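Chemist: We have chain A already, so just place chains B and C on it with the hints.
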Amino acid sequence: MEVIGVLSFAVAGVVDARKQRFDAVGTFVVAFATAFGGGTVRDVLLDRRPFYWVEHEGYVILIFAMSIGASVVFRVVSRVASERTMLVADAIGLGLFAVTGTSLALVAQMPAFVAVMMGIISSVFGGVVRDVLCNEMPMILRDRVPYATCAFAGCWVYLGLTWLDAQQEAALLAGALTTTATRLVSVWRGWRLPG
Amino acid sequence: MEVIGVLSFAVAGVVDARKQRFDAVGTFVVAFATAFGGGTVRDVLLDRRPFYWVEHEGYVILIFAMSIGASVVFRVVSRVASERTMLVADAIGLGLFAVTGTSLALVAQMPAFVAVMMGIISSVFGGVVRDVLCNEMPMILRDRVPYATCAFAGCWVYLGLTWLDAQQEAALLAGALTTTATRLVSVWRGWRLPG
Amino acid sequence: MEVIGVLSFAVAGVVDARKQRFDAVGTFVVAFATAFGGGTVRDVLLDRRPFYWVEHEGYVILIFAMSIGASVVFRVVSRVASERTMLVADAIGLGLFAVTGTSLALVAQMPAFVAVMMGIISSVFGGVVRDVLCNEMPMILRDRVPYATCAFAGCWVYLGLTWLDAQQEAALLAGALTTTATRLVSVWRGWRLPG
Chain A
1 MEVIGVLSFA
11 VAGVVDARKQ
21 RFDAVGTFVV
31 AFATAFGGGT
41 VRDVLLDRRP
51 FYWVEHEGYV
61 ILIFAMSIGA
71 SVVFRVVSRV
81 ASERTMLVAD
91 AIGLGLFAVT
101 GTSLALVAQM
111 PAFVAVMMGI
121 ISSVFGGVVR
131 DVLCNEMPMI
141 LRDRVPYATC
151 AFAGCWVYLG
161 LTWLDAQQEA
171 ALLAGALTTT
181 ATRLVSVWRG
191 WRLPG
Chain B
1 MEVIGVLSFA
11 VAGVVDARKQ
21 RFDAVGTFVV
31 AFATAFGGGT
41 VRDVLLDRRP
51 FYWVEHEGYV
61 ILIFAMSIGA
71 SVVFRVVSRV
81 ASERTMLVAD
91 AIGLGLFAVT
101 GTSLALVAQM
111 PAFVAVMMGI
121 ISSVFGGVVR
131 DVLCNEMPMI
141 LRDRVPYATC
151 AFAGCWVYLG
161 LTWLDAQQEA
171 ALLAGALTTT
181 ATRLVSVWRG
191 WRLPG
Chain C
1 MEVIGVLSFA
11 VAGVVDARKQ
21 RFDAVGTFVV
31 AFATAFGGGT
41 VRDVLLDRRP
51 FYWVEHEGYV
61 ILIFAMSIGA
71 SVVFRVVSRV
81 ASERTMLVAD
91 AIGLGLFAVT
101 GTSLALVAQM
111 PAFVAVMMGI
121 ISSVFGGVVR
131 DVLCNEMPMI
141 LRDRVPYATC
151 AFAGCWVYLG
161 LTWLDAQQEA
171 ALLAGALTTT
181 ATRLVSVWRG
191 WRLPG
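Protein chains in written order, with the UniProt record's numbering: chain A, 1 to 195; chain B, 1 to 195; chain C, 1 to 195.
Take the hints with a grain of salt, since some may be wrong.
Reference excerpt, derived from the structure (chain C facing chain A, CB under 7 angstroms, subset only) [as the list claims (entries may be wrong)]:
#, residue
1, D47
2, F113
3, V114
4, M137
5, I140
6, L141
7, R144
8, A148
9, L193
What follows is a list of derived Cβ distance ranges for each label pair [said to hold, decoys possible]:
#, chain 1, residue 1, chain 2, residue 2, range
10, A, W191, B, P194, 48 to 58 angstroms
11, C, V185, A, G58, 25 to 35 angstroms
12, C, R79, B, G58, 50 to 60 angstroms
To list a few chain C residues with every Cβ distance to chain A over 12 angstroms, as calculated [to be verified]:
#, residue
13, F51
14, G58
15, A65
16, V72
17, V73
18, R75
19, V77
20, V80
21, S82
22, A89
23, G190
Hint data in this document are derived by calculation from the structure and do not stem from the laboratory. None of these values were measured; they are calculated from a predicted model. Built from N, CA and C at the ideal position, the CB exists for glycine as well.
Just chain A, same shape as in the assembly (with noise of 0.2 angstroms):
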């Protein structure tokens, strides 16, 4: 399942890198950013290494060997997948990174609302620091269509799951379906967060 949500933000990257019309290299930089830049920056909130895209070398040179054929790539995604797909990936890498990135936290002895933090900031960082690094205002901040918060509604029903002794992979799947069922009907209804 974690190949789904490294995959689906790195084509994300990719795609979005190509709109912008960078070269190898920023594509390359932009999509990974995009996939493996929150569970980065959790892991070194964590203190944890190797990293994960030090132990799975292959995702990197995967990313890499995208990025080189990047107009190859985001013609074959222009075609097979909407931008309805692209929407259904990224909102399943978000419900997985989240959970994980909790469990991960758990593990590491954080407290409950800090778990949740870290299920947050894996799950959504990798965009901001894409963002940050393109010089755009991240979305998160920009935009007030649900992203952050159905990330944190999934990360509570996995910590209430776990907390109810429920089997582990039950709340991790529960959490991750909450998250990517709440963005999903989010952009379907149009939903707003006030300010």
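Modeler: Relative to chain A, chains B and C alone:
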């Protein structure tokens, strides 16, 4: 005293976010970055764990509550606290973070000049992180009103007194007061750094 | 040789800050980020301590002195060093940081591709951090003149020679020279990456 520093920075963050009309999520990100950004960057550099906000989860929850009720906080602050009060609170926070940062770096065996830098990072990097996230040029680069310079002065006062074997509490207090006082005087007299 | 890398990056930072008419504080931040940003990010990722600038406090003090006397430094550099000299100095810094970064990552048991990434991060992230602080899009994203690509080439030359059991010094030198040479040639010939 640390409470005052964190709270004044957090309130300043909420007020800032409110002015940009962010939603609750954006407000939380901005307030959290302002209050804990400097200390967290310092702790990552010094390889210290756990972070202050991990040990004192209550602050995170408080900032979260303030972000949810940001419009109320904003109205209360606007009524109770004048611009001048906010400036004083920020100057006190600046002084406290500067000397604590330097003192923590000394404990971690850093050489004197590096310890002073850690003090400055603790006190001004919260604002830098916030400005980078909001896609603005950091105030310490843009603006010539002394800010980091005041922290610099206070850190050296603290270091000097430590070398003279002054009592630790007295040295911390004198350093913090130096920073706060030079900051307030330089705003009051309209001092500018040459450039 | 490391001295040359750090100094050329620091001087480039001072000159850059001067062009934006920053005060001494801003100049120090920009020069420090340019000279040590890349190595510091690499060391945080590799969990290495102490940082280079903590062990060699002298450089920090030197950059501080240069920032205070930035207008003098700027005048001297403008007279002594043409644009071309600065470009050569930067290319040498790029080469040195790239191979040292890769070599440190190998010592830390990183797989080959990740080690190359660490080399690139060491050599180009100082500029990225500086550009992010100055609220500009990083040059490696914006610009198609090969830069990170030259570091990439040099790191692989170094790695290849290491695999062939070449002497460590020879491999480092060959890698650094490859980076510096490809960088200079690509500027001279006006090469552009396709995008």
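Chemist: Each hint needs a verdict: does it hold in this structure or not?
Modeler: Hints, one by one, checked against the model:
Among the interface hints, the one on D47 of chain C holds; its C-beta lies about 5 angstroms from the nearest C-beta in chain A, closer than the 7 angstroms criterion. Interface hint status for F113 of chain C: upheld, as the beta-carbon distance to the closest one in chain A is roughly 5 angstroms, under 7 angstroms. Taken as an interface hint, V114 of chain C checks out: its beta carbon lies about 5 angstroms from the nearest beta carbon of chain A, inside 7 angstroms. A cut of 7 angstroms between beta carbons decides the hint on M137 of chain C: the least distance to chain A is about 4 angstroms, and the hint holds.
Given the 7 angstroms rule on beta carbons, the hint for I140 of chain C holds: about 6 angstroms separates it from the nearest Cβ of chain A. For L141 of chain C, the interface hint holds, since its Cβ comes within 7 angstroms of a Cβ in chain A; the closest pair sits about 4 angstroms apart. Against a cut-off of 7 angstroms between C-beta atoms, the interface hint on R144 of chain C holds, since the closest Cβ of chain A lies about 5 angstroms away. The criterion of a C-beta within 7 angstroms of any C-beta in chain A is met by A148 of chain C, whose closest approach is roughly 5 angstroms, and the hint holds.
About 4 angstroms separates the beta-carbon of L193 of chain C from the nearest beta-carbon of chain A, less than 7 angstroms, and the hint is met. The hinted range of 48 to 58 angstroms is satisfied by W191 of chain A and P194 of chain B, whose Cβ atoms lie roughly 52 angstroms apart. Checked against the given bound of 25 to 35 angstroms, the beta carbons of V185 of chain C and G58 of chain A, roughly 33 angstroms apart, stay inside it. The hinted window of 50 to 60 angstroms between R79 of chain C and G58 of chain B holds, with their beta carbons roughly 58 angstroms apart.
Remark: the non-interface label on F51 of chain C is consistent with the geometry, its nearest Cβ contact in chain A lying 15 angstroms away (cut-off 12 angstroms). For G58 of chain C, the requirement that its beta carbon stay farther than 12 angstroms from each beta carbon of chain A is met, with the minimum near 28 angstroms. Under the 12 angstroms C-beta cut-off, the non-interface status given to A65 of chain C relative to chain A holds; the minimum distance is some 31 angstroms. Look at V72 of chain C: its CB is around 32 angstroms from the nearest CB on chain A, clear of 12 angstroms, so calling it non-interface holds up.
V73 of chain C, annotated as away from the interface, keeps every beta carbon of chain A farther than 12 angstroms; the closest lies near 28 angstroms. Chain A leaves R75 of chain C outside its interface by the beta-carbon criterion, the shortest separation being 31 angstroms against a cut-off of 12 angstroms. No beta-carbon of chain A comes within 12 angstroms of the beta-carbon of V77 of chain C; the shortest separation is about 28 angstroms. Once the 12 angstroms rule is applied to beta carbons, V80 of chain C is consistent with being away from chain A; the minimum gap is 32 angstroms.
The non-interface label for S82 of chain C is consistent with chain A: the shortest C-beta to C-beta separation is roughly 27 angstroms, beyond 12 angstroms. Consistency note on A89 of chain C: stated as away from chain A, and its beta-carbon is indeed over 12 angstroms from all of that chain's, at 22 angstroms minimum. No beta-carbon of chain A comes within 12 angstroms of the beta-carbon of G190 of chain C; the shortest separation is about 15 angstroms.
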